[in-house]
Amino acid sequence: MKSYRKELRFNTKKRRELINITPEIENCLDESGIKEGLLLCNAMHITASIFINDNESGLHDDFEKWLEKLAPEKPYSQYKHNGFEDNADAHLKRTIMGREVVVAITNGKLDFGPWEQIFYGEFDGKRSKRVLVKIIGE
Amino acid sequence: MKSYRKELRFNTKKRRELINITPEIENCLDESGIKEGLLLCNAMHITASIFINDNESGLHDDFEKWLEKLAPEKPYSQYKHNGFEDNADAHLKRTIMGREVVVAITNGKLDFGPWEQIFYGEFDGKRSKRVLVKIIGE
Amino acid sequence: MKSYRKELRFNTKKRRELINITPEIENCLDESGIKEGLLLCNAMHITASIFINDNESGLHDDFEKWLEKLAPEKPYSQYKHNGFEDNADAHLKRTIMGREVVVAITNGKLDFGPWEQIFYGEFDGKRSKRVLVKIIGE
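Residue numbers (the working numbering), protein chains in the order written: chain A, 93 to 230; chain B, 93 to 230; chain C, 93 to 230.
Just so you know, these hints were derived from the structure itself, not from any lab.
There could be a bad hint or two in this list.
A short list of chain C residues far from chain B (calculated; beta carbon distances all over 12 Å) [to be verified]:
| # | residue |
| --- | --- |
| 1 | K127 |
| 2 | S149 |
| 3 | G200 |
| 4 | L202 |
| 5 | F204 |
| 6 | P206 |
| 7 | W207 |
With a straight-line cut-off of 27 Å between C-alpha atoms, the simulated DSSO-like cross-links for lysine-lysine are [claimed, not checked]:
| # | chain 1 | residue 1 | chain 2 | residue 2 |
| --- | --- | --- | --- | --- |
| 8 | B | K157 | C | K161 |
| 9 | B | K106 | C | K172 |
| 10 | A | K127 | B | K201 |
| 11 | C | K157 | A | K161 |
| 12 | B | K166 | B | K221 |
Computed from a predicted structure; not experimentally measured.
Even for Gly, the Cβ is constructed at its ideal location relative to N, Cα and C.
Bound conformation, chain A alone (with noise of 0.2 Å):
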């Protein structure tokens, strides 16, 4: 068994981003030299999301309007855990949108349908956070 591990980070401009990583996973695949295997990529802060779903910036903007429905940022004072921080939505927001993505490694690649893409979701940003990226097989 073979196994490969790589840190990205992602520092974003705004509080809120969502960022197509798929050619980031695809160049951490080939560097593994992973033929068939379990691909595990996940975020390692609890305030972001790794998921996957289209890339197309009108659902990017669905996504943003219906988690802000859901559990919406303001006012900062509606959350317990906004004593010292501002970011409780952020890790409720994480929660519906899933902390971690398994894929399947197939001939070396990324064994996907036609329109799936992996996309980091970050909810608290302007800062640098990280993401794991660690695949097993042969």
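Go by the hints and put chains B and C onto chain A.
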């Protein structure tokens, strides 16, 4: 390490359906001959879900009503994604329900609690869509 | 490839509780002797969750309030599942929080960011329920 891959296909009659696919997944596992490892099952389309819950029709009605409350289908114009499409709600519903499950394989069986069953959740159906089953182990 | 399996048991005093199980998972990993691989931890019951977030009591109160807003326990009659049961809301809450986590194992440790902790989320407690830990690797 052994690995196994199979695609399942679904073409639902309705826009939204929940289908118990546990028997198909068990067939895949038998076919793989893998006794110890991990099984990944994921929707290959971004308006569908694979999730684990109860095989109880009342609960499935509750899911339908609940998802329509959290991410309503109509009016279509509430979503920017719905320029050429009408399925933005399906992307959101699948986000709540999840893209994938990872299941432990022990002694050649799905290592499940008493009520765990695997479901395909279709939120934009009436066309052929695929599900991936990938198993790694020994 | 090595594999390891263990069941953990929980019997909460309240209907809903969030329990930090990171130490138990670390014990499993030590016991497994696995240094490189993937760890799956999942609820074996469909009204409970395993998730990764912050070990901060204010945030846990926020989760309780938020989940009650998105999927309220009462009135029980709002859910079709509640014919012989009263736990439909627990199925929905667990869906939001997620069934499982997959964690990278690197150098014999949980490969975590600074604040990542693993929680058991019970949404229909006061009875004995199980959590599965499965590790594969070398």
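**Study point:** Separation of W207 (chain C) from chain B, once the least beta-carbon distance is taken, above 12 Å
**Key:** Check passes; 23 Å lies beyond 12 Å.
Review point. So is S149 (chain C) really clear of chain B, every C-beta pair being over 12 Å apart?
Key: S149 (chain C) clear of chain B: closest Cβ-Cβ about 26 Å, beyond 12 Å.
Review point. When you look at the beta carbon of P206 (chain C), is every beta carbon of chain B farther off than 12 Å?
Key: 25 Å, holds
Check your understanding: Does the alpha-carbon distance linking K127 (chain A) and K201 (chain B) stay inside the 27 Å limit?
Key -> Cα-Cα ~25 Å, so holds.
Check your understanding: Closest CB-CB distance from K127 (chain C) to chain B, is it above 12 Å?
Key -> Its Cβ never comes within 12 Å of chain B, the nearest being 16 Å, so this holds.
Practice item. Check the non-interface label on L202 (chain C): least C-beta distance to chain B beyond 12 Å or not. Key: Holds: least Cβ distance 16 Å, greater than 12 Å.
Point to revise | Hinted pair K157 (chain B) and K161 (chain C), Cα distance within 27 Å | key: 15 Å, holds
Check your understanding: Are the Cα atoms of K106 (chain B) and K172 (chain C) separated by 27 Å or less?
Key -> 21 Å, holds
Check your understanding: Regarding the pair K166 (chain B) and K221 (chain B), is the alpha-carbon distance no greater than 27 Å?
Key -> 23 Å, holds
Review point. Is it true that the CA of K157 (chain C) sits at most 27 Å from the CA of K161 (chain A)?
Key: Holds, because 15 Å separates the two Cα atoms, which is no more than 27 Å.
Review point. Is the Cβ of F204 (chain C) more than 12 Å away from each Cβ in chain B?
Key: Nearest chain B Cβ is 18 Å from F204 (chain C), so the label holds.
Practice item. Mind verifying the non-interface call on G200 (chain C)? Its CB should be farther than 12 Å from each CB in chain B. Key: 19 Å, holds
Hint violations for this structure: none, all hints satisfied.
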